[in-house]
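If you're matching them up, the sequences are chains A and B in order.
Quick note: the first sequence, position 261, residue 261 per this note's numbering, numbers continuous.
For this note's numbering, count along the second sequence from 1 and bump the result up by 345.
Each hint should be verified, as a subset may be incorrect.
Below, a list of computed lysine to aspartate or glutamate pairs in the EDC-like style, where the Cα atoms sit at most 20 Å apart [unchecked claim]: (1) A:K192 with B:D421; (2) A:K192 with B:D420; (3) B:K545 with A:E228; (4) B:K539 with A:E190; (5) B:K545 with A:D76; (6) B:K539 with A:D75; (7) A:K200 with B:D421.
Non-contacting residues of chain B with respect to chain A, defined by C-beta distances greater than 12 Å in every case (computed) [as the list claims (entries may be wrong)]: (8) R352; (9) E357; (10) T360; (11) T388; (12) G405; (13) D406; (14) R428; (15) G559; (16) D561; (17) V563; (18) A616.
For the record, the hints were derived by calculation from the structure and aren't laboratory data.
Note that this is a predicted model, so its numbers are computed, not measured.
Glycine included, C-beta positions come from ideal geometry on N, C-alpha and C.
There are 2 protein chains.
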Amino acid sequence: MARRGTRPQGDEFNTLPVAVDAMGGDRAPAEIVAGARRVAEETDILVALVGPPGEMGDIGDLPTFPASEVIGMDDDPGQGVRRKKDSSLVRAAEAVRDGRAMATVSAGNTGAAMAAALLRMGRLPSVIRPAIATPIPNPGAPWPTVLLDSGANAECTPAMLVQFAQMGAAFAGKRYGIEKPRVALLSIGEEKSKGTPLVKETYALLADGAGGAGVDFVGNVEGRDFFEGIADVFVTDGFTGNVALKTLEGAMRFLIGALTGILSLPELAGAADALYPHLLPLAANLDPETTGGAMLLGVDGVSVISHGSSSSVAMVNAITVAHDLAVAGLVDAVAASVTGVTTPD
Amino acid sequence: MARRGTRPQGDEFNTLPVAVDAMGGDRAPAEIVAGARRVAEETDILVALVGPPGEMGDIGDLPTFPASEVIGMDDDPGQGVRRKKDSSLVRAAEAVRDGRAMATVSAGNTGAAMAAALLRMGRLPSVIRPAIATPIPNPGAPWPTVLLDSGANAECTPAMLVQFAQMGAAFAGKRYGIEKPRVALLSIGEEKSKGTPLVKETYALLADGAGGAGVDFVGNVEGRDFFEGIADVFVTDGFTGNVALKTLEGAMRFLIGALTGILSLPELAGAADALYPHLLPLAANLDPETTGGAMLLGVDGVSVISHGSSSSVAMVNAITVAHDLAVAGLVDAVAASVTGVTTPD
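In isolation and in its complexed conformation, chain A is listed as follows (with noise of 0.2 Å):
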């Protein structure tokens, strides 16, 4: 079992494909086949298909490693992982621990991918629990603002949270090149007595500079703040992050609906075509389809997990994230900023 620092290093690595989970999304395996191949062709990252061979539909001359079994959306995350061994996302998170491929990209059951990455390319050293990373676009800053833990863990610790910080900043500073990314803690005021125990005990852990959490660590924010660009990383435990992401989801959904209805009425079509041109651009830089998908941090290996209504663009995106990420040493940055945390409890 090639561990890390065992697989194979520098150009060996970069020209390994990233194993692509063809079966997994609403939309699989028509639009996964479809951006793969687009990246294949039109860019020098090397893909992989992982699934059944025959049942991916077209897939050109892209390689594959078959895979007979699909974990469905709807399955239990756990028993799929560990009944169906031979299924797209285990094939797909053990070629990456064998060092065939570089990166894993899936659309989808966010839990099964967490779990087919858990256990089978590992946790990083010291990291006690792994979480899923979102960017949140944010149209008026340079970069997303980064969401976690978006729904790895529902529960949490303060060193877990204290890890999560750590582990966003390194992706932030990876994915976005922020030399040192600001991280705040997720809360309901911007005191350092508001919050929850978790919030509170975190919080002093984060801001103890004597501690080495290593992190630039600003204070709480609020959930109104996510297109304040006060923050570069938004730490949370999983269940408040799942629902802070939903809920932006859902409004944005709500608002861009109300819109479209309202520019579909026949008497402002004048109006409308001499606004699309300039909306456009702003639902593009909202879209979660442009952020390259979510990212799960603290596994030994690059693991993306797009959302389950994924397009081919999306896959894309995906897929040269991830690229990107590997090729840019993600794994070794997030290894290198988890410390042990030493906590009162």
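Fit chain B to the known structure of chain A by using the hints.
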């Protein structure tokens, strides 16, 4: 001390004024007093202003409850209420307690308004903790979605959440005339296995008809469901609820700001003129100022807590809602809804 049942009843109660904290909010006292005067001039609702005589501006011939102190927006809520016994917030709550007012309205320090209501009006029998219920405007549904707790209790137990479900349903019934409000639990997936232990235990209690919660529990909802109209009441702890509420506010403010920016481009003046008549009703429907503010449920009196940025329009709505709910018997309905909750722990 006039407790529920010993206070003025019937016609006598219905002719009490609504006590309005003239000094609470970012735009106090001018906007507060303007709203109170409009209600007094344009409706049959009686209004009394609470604040320092001579410091409330032009109050016309409105009656007052004098109070020499003001609890600021940044004051510690508990300390503020304990130390400033002659503050407008404390005196307003006392006016309800003593049967001199039917309800209070404040746009001031939310925590202090809660503390004043809790300490002066008192908790209703059997209520473990009061909660803040916030109506989330939903233009696609016949009424807003009620979110509670939206910030009173960062830490909650399953028994508290069951009571929030009961109180929220009683509020939605009185406020919107919903015969059998559909109550949902905010989580990170529809399945009852999803979420924190708090959510899973609450799910079990609410789903157990024999438990006698007496609400129409429709299961879990997610953050993306606020505009879907699938439940009338969303129940959660005050930390998650506050993050979700502020995330919604932030997303709305961002998108409306971006749209306003686009529509102010000189070359889009014509399109903007055509569009605004359609956009303004949508914006009005989404405006929290139209919902009449949040309501503290579980205390022995009607206490409306308006947004800190409340204008005179928001105050008109808040005072009207406070009056209508006091007359409709909200407090009795909430008291009747709450059962002692037997939990395994």
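To see whether the hints hold, each was checked on the structure:
This hinted pair checks out: K192 (chain A) and D421 (chain B) have alpha carbons roughly 13 Å apart, not beyond 20 Å. This hinted pair checks out: K192 (chain A) and D420 (chain B) have alpha carbons roughly 15 Å apart, not beyond 20 Å. Annotation: proposed proximity of K545 (chain B) to E228 (chain A) is violated, straight-line Cα distance about 34 Å (limit 20 Å). This hinted pair does not check out: K539 (chain B) and E190 (chain A) have alpha carbons roughly 29 Å apart, beyond 20 Å.
Between K545 (chain B) and D76 (chain A), the direct Cα distance comes to roughly 17 Å. Compliance with the 20 Å bound is thereby established for this hinted pair. Proposed proximity of K539 (chain B) and D75 (chain A) is supported: the alpha carbons are some 13 Å apart, at most 20 Å. A threshold of 20 Å between alpha carbons decides the hint, and for K200 (chain A) with D421 (chain B) the separation of about 17 Å falls inside it, so the pair holds. Consistency note on R352 (chain B): stated as away from chain A, and its beta-carbon is indeed over 12 Å from all of that chain's, at 34 Å minimum.
Taking the minimum C-beta to C-beta distance to chain A, about 40 Å, the non-interface status of E357 (chain B) holds against the 12 Å cut. Its beta-carbon lying about 39 Å from the closest one in chain A, T360 (chain B) satisfies the requirement of being farther than 12 Å from that chain. With 12 Å as the threshold on Cβ separation, the claim that T388 (chain B) sits away from chain A holds: the shortest Cβ distance comes to roughly 32 Å. Listed as a non-interface residue, G405 (chain B) keeps its Cβ farther than 12 Å from every Cβ of chain A; the least gap is roughly 36 Å.
For D406 (chain B), the requirement that its beta carbon stay farther than 12 Å from each beta carbon of chain A is met, with the minimum near 39 Å. Its beta-carbon lying about 17 Å from the closest one in chain A, R428 (chain B) satisfies the requirement of being farther than 12 Å from that chain. Every beta carbon of chain A lies more than 12 Å from that of G559 (chain B), the smallest distance being close to 26 Å; the non-interface claim holds. The Cβ of D561 (chain B) sits about 22 Å from the closest Cβ of chain A, beyond the 12 Å cut-off, so the non-interface label holds.
Residue placement check: V563 (chain B) keeps its beta carbon more than 12 Å from all beta carbons of chain A (closest about 17 Å). At the 12 Å boundary, the C-beta of A616 (chain B) falls inside the reach of chain A, the nearest C-beta of that chain being 4 Å off.
Violated hints for the displayed structure, listed by number in ascending order: 3, 4 and 18.
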